[in-house]
Amino acid sequence: MKLRTLTVILLVAFTVTANAQLPNITDSRVQINLPNVKGDSVSLLSLKGKVVILDFWASWCGPCVYANRDLVKLYKEYKSKGLEIYSVSIDENKKAWQKAVTRQRLTWIQVNDPGGWDAQTGARWNVQALPTTYLINKNGDVVGVDMEGKELEQNVKKLLEE
Amino acid sequence: MNAQFTKATLQATGLTCAMCSNAINKALQARPFIQSVKADIKNSSFSIVFKENADVDIDEIRKAVEDAGFAIGSLKLTGSFNEIKIGNDSHVQIGDRHFHFLNASNWVLNGEQTITIVDKDYLTAKQFKKISESSKTKCLVSGKSASCCPGVAAGTRVYHVTI
Chain A
1 MKLRTLTVIL LVAFTVTANA QLPNITDSRV QINLPNVKGD SVSLLSLKGK VVILDFWASW
61 CGPCVYANRD LVKLYKEYKS KGLEIYSVSI DENKKAWQKA VTRQRLTWIQ VNDPGGWDAQ
121 TGARWNVQAL PTTYLINKNG DVVGVDMEGK ELEQNVKKLL EE
Chain B
1001 MNAQFTKATL QATGLTCAMC SNAINKALQA RPFIQSVKAD IKNSSFSIVF KENADVDIDE
1061 IRKAVEDAGF AIGSLKLTGS FNEIKIGNDS HVQIGDRHFH FLNASNWVLN GEQTITIVDK
1121 DYLTAKQFKK ISESSKTKCL VSGKSASCCP GVAAGTRVYH VTI
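Just so you know, the protein sequences line up as chains A and B, in that order.
Under our numbering, the first residue of the first sequence carries the number 1, and numbering increases by one thereafter.
Under our numbering, the first residue of the second sequence carries the number 1001, and numbering increases by one thereafter.
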């Protein structure tokens, strides 16, 4: 019980906060390792060395549909240049998530943390609204939060050239 | 007690997707009489469970939603009722709170029942306009006791409900 309490305290203390220094994905406190649509686990850490967009969404989130459309275009353009996207859905309904991935033609890494707003991954990354995106450089540092449109594309381009 | 509210279904409205924000969950969960809040994705609503025998402060639910940056689109309260006589424009006291039943036929409420709050800021503006135009009672607009509320001290909060 004590260990569990301590773990919770540590998790809260090290949760990503808007004002705190943005983390590096090698930090054990923010690691993500979740099953993809096929059921195979994929870790965020395995993408170190690439420019990564970490994206939190859900199938029932209307604004996420629009954001995904932009990500589809961005991925098409920059995948071959070294961009990867790691999308974490907080859908409680696995089928609804899988259906949305197919319907929206999301071809990048799709994983599911089925806890809804209680999802551990979302809590560790301080996700308070959907969609939430983090931009991560080749060193694994989070360098941007909630960028979209041209701002996101320009920064992706810049990071790919670094 | 002649009635005890046990749960509620809440729909929130706003400029952005209410279900896509954790703010409403958090604001509601911080209220002492609320046991749990769960997002019901299928119905775009929040299912609220109240603590057992808790004093459910309905205006506090509205404040929580507004604090989170949203507004109430619909609030339905479910509770256990015991021999509560209602009729059109009847006033009923549940615990310390006063309720005014609109468009109700003569009936005795028993067992589990669900009521809908139809006060201002508990519906969309359009829906409230429709209801306030259909009722002549002054207290509906202010949400406070007026000449139409016999036996209720002037200025007392009166919740307007339908069933």
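Rather than coming from a laboratory, the hints here were simulated on the basis of the structure.
All figures in this text were calculated on a predicted structure; none of them were measured in a lab.
Hints are supplied without guarantee of correctness; some may be wrong.
With a cut-off of at most 25 Å between alpha-carbon atoms, the simulated DSS-like pairs for lysine-lysine come out as follows [stated by the list, open to error]:
1. B:Lys1026 <-> B:Lys1007
2. A:Lys79 <-> A:Lys150
3. B:Lys1007 <-> A:Lys95
4. A:Lys95 <-> B:Lys1042
For each hint, the structure was consulted:
no., hint, verdict
1, B:Lys1026 <-> B:Lys1007, "holds, 17 Å"
2, A:Lys79 <-> A:Lys150, "holds, 17 Å"
3, B:Lys1007 <-> A:Lys95, "violated, 28 Å"
4, A:Lys95 <-> B:Lys1042, "holds, 13 Å"
In terms of the numbered hints stated before, the structure departs from hint 3 and from no other.
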